[in-house]
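Participant: Listed here are the chains, written in short residue letters.
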Amino acid sequence: MNESVLENLYSIQPTQRKKITKFFNETPKANEDFRDFLSLYNDFLNENNLNINELVKSYVFLCNQMTHSRIHFIKTGSYPTENQEEALNTVYSNKELMTNYLMGLAISQFLWKHHYLLLNFYRNHISTLEKPSSYLEVGAGHGLFLIDFIKAQEECDRIDVVDISEAAISISKGLLESCKVADKVNLFHTDIIEYEPTEKYDFITMGEVLEHLDNPVEILKKLKNLLSKDGELFLSTCVNCPAPDHVYHFKTVEEVRALISSAGFKVVKEIEAPSEDISPEKIEKFKVDISYACIIKGV
Amino acid sequence: MKKEEVHSKLQDIFRDVFEEDDLIIKDETDADSIEEWDSLIHVSLIANIESDFDIRFSVGEIGELKDVGEMVSLITQKIS
Numbered sequence: 001m002n003e004s005v006l007e008n009l010y011s012i013q014p015t016q017r018k019k020i021t022k023f024f025n026e027t028p029k030a031n032e033d034f035r036d037f038l039s040l041y042n043d044f045l046n047e048n049n050l051n052i053n054e055l056v057k058s059y060v061f062l063c064n065q066m067t068h069s070r071i072h073f074i075k076t077g078s079y080p081t082e083n084q085e086e087a088l089n090t091v092y093s094n095k096e097l098m099t100n101y102l103m104g105l106a107i108s109q110f111l112w113k114h115h116y117l118l119l120n121f122y123r124n125h126i127s128t129l130e131k132p133s134s135y136l137e138v139g140a141g142h143g144l145f146l147i148d149f150i151k152a153q154e155e156c157d158r159i160d161v162v163d164i165s166e167a168a169i170s171i172s173k174g175l176l177e178s179c180k181v182a183d184k185v186n187l188f189h190t191d192i193i194e195y196e197p198t199e200k201y202d203f204i205t206m207g208e209v210l211e212h213l214d215n216p217v218e219i220l221k222k223l224k225n226l227l228s229k230d231g232e233l234f235l236s237t238c239v240n241c242p243a244p245d246h247v248y249h250f251k252t253v254e255e256v257r258a259l260i261s262s263a264g265f266k267v268v269k270e271i272e273a274p275s276e277d278i279s280p281e282k283i284e285k286f287k288v289d290i291s292y293a294c295i296i297k298g299v
Numbered sequence: 300m301k302k303e304e305v306h307s308k309l310q311d312i313f314r315d316v317f318e319e320d321d322l323i324i325k326d327e328t329d330a331d332s333i334e335e336w337d338s339l340i341h342v343s344l345i346a347n348i349e350s351d352f353d354i355r356f357s358v359g360e361i362g363e364l365k366d367v368g369e370m371v372s373l374i375t376q377k378i379s
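These protein sequences, in sequence, are chains A and B.
Following this note's numbering, the numbering of the first sequence begins with 1 at its first residue and continues without gaps.
Following this note's numbering, the numbering of the second sequence begins with 300 at its first residue and continues without gaps.
Any given hint could be a false lead.
Unchecked claim - No more than 25 Å apart at the CA atoms, straight line, and that leaves these computed lysine-lysine pairs for PhoX-like: (1) A:Lys-180 x A:Lys-221; (2) B:Lys-365 x A:Lys-22; (3) A:Lys-57 x B:Lys-365; (4) A:Lys-269 x A:Lys-297; (5) A:Lys-251 x A:Lys-282; (6) A:Lys-75 x A:Lys-285; (7) A:Lys-131 x A:Lys-19; (8) A:Lys-221 x A:Lys-266; (9) A:Lys-18 x B:Lys-325; (10) A:Lys-29 x A:Lys-269; (11) A:Lys-19 x B:Lys-365; (12) A:Lys-251 x A:Lys-200; (13) B:Lys-365 x A:Lys-151; (14) A:Lys-151 x A:Lys-287; (15) B:Lys-377 x A:Lys-18; (16) A:Lys-200 x A:Lys-22; (17) A:Lys-200 x A:Lys-287; (18) A:Lys-75 x B:Lys-365; (19) B:Lys-301 x A:Lys-19; (20) A:Lys-221 x A:Lys-19; (21) B:Lys-377 x A:Lys-297; (22) A:Lys-285 x A:Lys-18; (23) A:Lys-95 x A:Lys-75; (24) A:Lys-57 x A:Lys-18; (25) A:Lys-131 x A:Lys-57; (26) A:Lys-131 x A:Lys-95.
Unchecked claim - Under 8 Å between C-beta atoms, here's a sample of chain B residues computed to sit facing chain A: (27) Asp-329; (28) Glu-349; (29) Gly-362; (30) Lys-365.
Stated by the list, open to error - Per label pair, the in silico range of CB-to-CB distance: (31) A:Lys-282 x B:Gly-368: 29 to 35 Å; (32) A:Ser-39 x B:Asp-351: 31 to 37 Å; (33) A:Lys-266 x B:Asp-311: 51 to 57 Å; (34) A:Ala-258 x B:Glu-363: 28 to 34 Å; (35) A:Lys-251 x B:Asp-351: 26 to 32 Å.
For the record, the hints were derived by calculation from the structure and aren't laboratory data.
Every residue gets a Cβ at the ideal spot worked out from N, C-alpha and C, and that includes glycine.
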């Protein structure tokens, strides 16, 4: 299935071929994981009257959106969307657009080296956790990280998801049902700032949310209060990464670290992954986007 | 501007972006034809095309820029 999906993609967008081919040649495990993802996602797609071709189209849609945003960024030095409210009105409230966007992001976890590295960082870490009894995911989006956690920590009996996007809740729900684990998870369609659970969490995941917020430190402070005493938080975000719904522009990884520290956290481990395999000088010159993930604990 | 003129101006952009003064582009030239043409270069090409022709591509139009022929057609359409 991998090859047919990729050839379909390359026929639509030839510029994708070189980078993906190079990545899979250098990292065969990524190709295997991509195959496993397609197998899992194919069931979800079929159950929702979609097919793999539409997954490819969603990915192309995502790439075109990102290219459009990057061109704006190259010309102006700023992200195309000014604030959270604009992103909510133009992106999050548009269910069809969000669904395409999230499906595209799901497949990007395996086709984009920098996204794959962060996924592996997450997978490796959650496999080492000592049976956390509670888990919260903020902004589950495409739901893949949620599924990974459920598989890695089968005994965790309190799993909650908060997402401001109805489309994301719907996709996560569909994926959970497809994987037959929907009854393990409580889904809350709400703003995390307004979320008031009765108990704290041993592990929290918040992937690719900070850059969507006007005031990211506010959400980090909220999450610090939701973490149990020795709890950990997986956080990911990106630097110089224009997108239709990105509003907070981190210009360097140091800025991200400073924000984390200002919210009362310390970084336990971290990973940086630029989107291009080029020199650090060129990364800086062309303001190439850098994905960043870390495990943090409250201090 | 006629298609031939658009093609000529586009060729200058390609030569500048790829830093190859002798580069010749044809309608069927695409990312498979030029080794250095990857996603990073593609963004640079589109940005330069927009600036030099004083046009803006929509998200949907970006997806139509698969080869030089499509670029010339769309640019000609947008500037006419």
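Participant: Next, verify each hint and record whether it holds.
Facilitator: Here is what the structure says about each hint:
A threshold of 25 Å between alpha carbons decides the hint, and for A:Lys-180 with A:Lys-221 the separation of about 34 Å lies outside it, so the pair is violated. Using a Cα cut-off of 25 Å, the hinted pair B:Lys-365 and A:Lys-22 holds, with the two alpha carbons roughly 20 Å apart. Between the alpha carbons of A:Lys-57 and B:Lys-365 the distance comes to roughly 15 Å, so the proposed pair stays at or under 25 Å and holds. Under the criterion of a C-alpha separation no larger than 25 Å, the hint pairing A:Lys-269 with A:Lys-297 is consistent with the structure, at around 10 Å.
Pair hint A:Lys-251 plus A:Lys-282 holds up; C-alpha atoms about 15 Å apart against a cutoff of 25 Å. Using a Cα cut-off of 25 Å, the hinted pair A:Lys-75 and A:Lys-285 holds, with the two alpha carbons roughly 14 Å apart. Distance check on the hinted pair: A:Lys-131 and A:Lys-19 sit about 38 Å apart at the alpha-carbon level, beyond 25 Å; violated. With a CA separation close to 13 Å, the supplied pair A:Lys-221 and A:Lys-266 stays within the 25 Å bound.
For the suggested pair A:Lys-18 and B:Lys-325, the alpha carbons sit about 21 Å apart, so the restraint of at most 25 Å is met. With a C-alpha separation of about 23 Å, the suggested pair A:Lys-29 and A:Lys-269 falls inside the 25 Å cut-off, and the hint holds. The hinted pair formed by A:Lys-19 and B:Lys-365 meets the criterion: a straight-line CA distance of about 16 Å does not exceed 25 Å. For the proposed pair A:Lys-251 and A:Lys-200, the alpha carbon gap of about 32 Å is over 25 Å, so the pair is violated.
Straight-line distance between C-alpha atoms of B:Lys-365 and A:Lys-151 comes to about 40 Å, which puts the hinted pair past the 25 Å bound. Under the criterion of a C-alpha separation no larger than 25 Å, the hint pairing A:Lys-151 with A:Lys-287 is inconsistent with the structure, at around 37 Å. Restraint check for B:Lys-377 and A:Lys-18: not satisfied, since their Cα atoms lie roughly 30 Å apart, outside the 25 Å limit. Of the pairs offered as hints, the one joining A:Lys-200 and A:Lys-22 is violated, with about 43 Å between alpha carbons and a cut-off of 25 Å exceeded.
Between the alpha carbons of A:Lys-200 and A:Lys-287 the distance comes to roughly 39 Å, so the proposed pair goes past 25 Å and is violated. Between A:Lys-75 and B:Lys-365 the CA atoms are separated by roughly 22 Å; this keeps the pair inside 25 Å, and the hint holds. Only pairs whose Cα atoms come within 25 Å are accepted, and B:Lys-301 paired with A:Lys-19 is rejected, the gap being roughly 35 Å. A C-alpha spacing of about 38 Å is found between A:Lys-221 and A:Lys-19, which places the hinted pair above 25 Å, so the restraint is violated.
Distance check on the hinted pair: B:Lys-377 and A:Lys-297 sit about 53 Å apart at the alpha-carbon level, beyond 25 Å; violated. Between A:Lys-285 and A:Lys-18, the direct Cα distance comes to roughly 22 Å. Compliance with the 25 Å bound is thereby established for this hinted pair. Between A:Lys-95 and A:Lys-75 the alpha-carbon distance is near 30 Å, which puts this suggested pair outside the 25 Å criterion. Our distance criterion of 25 Å between C-alpha atoms is met by A:Lys-57 and A:Lys-18, whose separation comes to about 19 Å.
A threshold of 25 Å between alpha carbons decides the hint, and for A:Lys-131 with A:Lys-57 the separation of about 39 Å lies outside it, so the pair is violated. The straight-line distance between the Cα atoms of A:Lys-131 and A:Lys-95 is roughly 36 Å, outside the 25 Å bound, and the hint therefore fails. For B:Asp-329, the interface hint holds, since its Cβ comes within 8 Å of a Cβ in chain A; the closest pair sits about 5 Å apart. For B:Glu-349, the interface hint holds, the least distance from its beta-carbon to any beta-carbon of chain A being 7 Å, beneath 8 Å.
Given the 8 Å rule on beta carbons, the hint for B:Gly-362 holds: about 5 Å separates it from the nearest Cβ of chain A. For B:Lys-365, the interface hint holds, since its Cβ comes within 8 Å of a Cβ in chain A; the closest pair sits about 6 Å apart. Taken as a hint, the range 29 to 35 Å holds for the pair A:Lys-282 and B:Gly-368, whose Cβ atoms sit roughly 30 Å apart. In this structure the hint that A:Ser-39 and B:Asp-351 lie 31 to 37 Å apart at CB is violated, the actual value being about 46 Å.
Between A:Lys-266 and B:Asp-311 the C-beta distance comes to about 53 Å, which sits within the given range of 51 to 57 Å. At about 42 Å, the beta-carbon gap between A:Ala-258 and B:Glu-363 misses the expected band of 28 to 34 Å. Take A:Lys-251 and B:Asp-351: their Cβ atoms lie about 28 Å apart, and the range 26 to 32 Å holds.
Hints 1, 7, 12, 13, 14, 15, 16, 17, 19, 20, 21, 23, 25, 26, 32, 34 from the earlier list are contradicted by this structure; the remaining hints agree with it.
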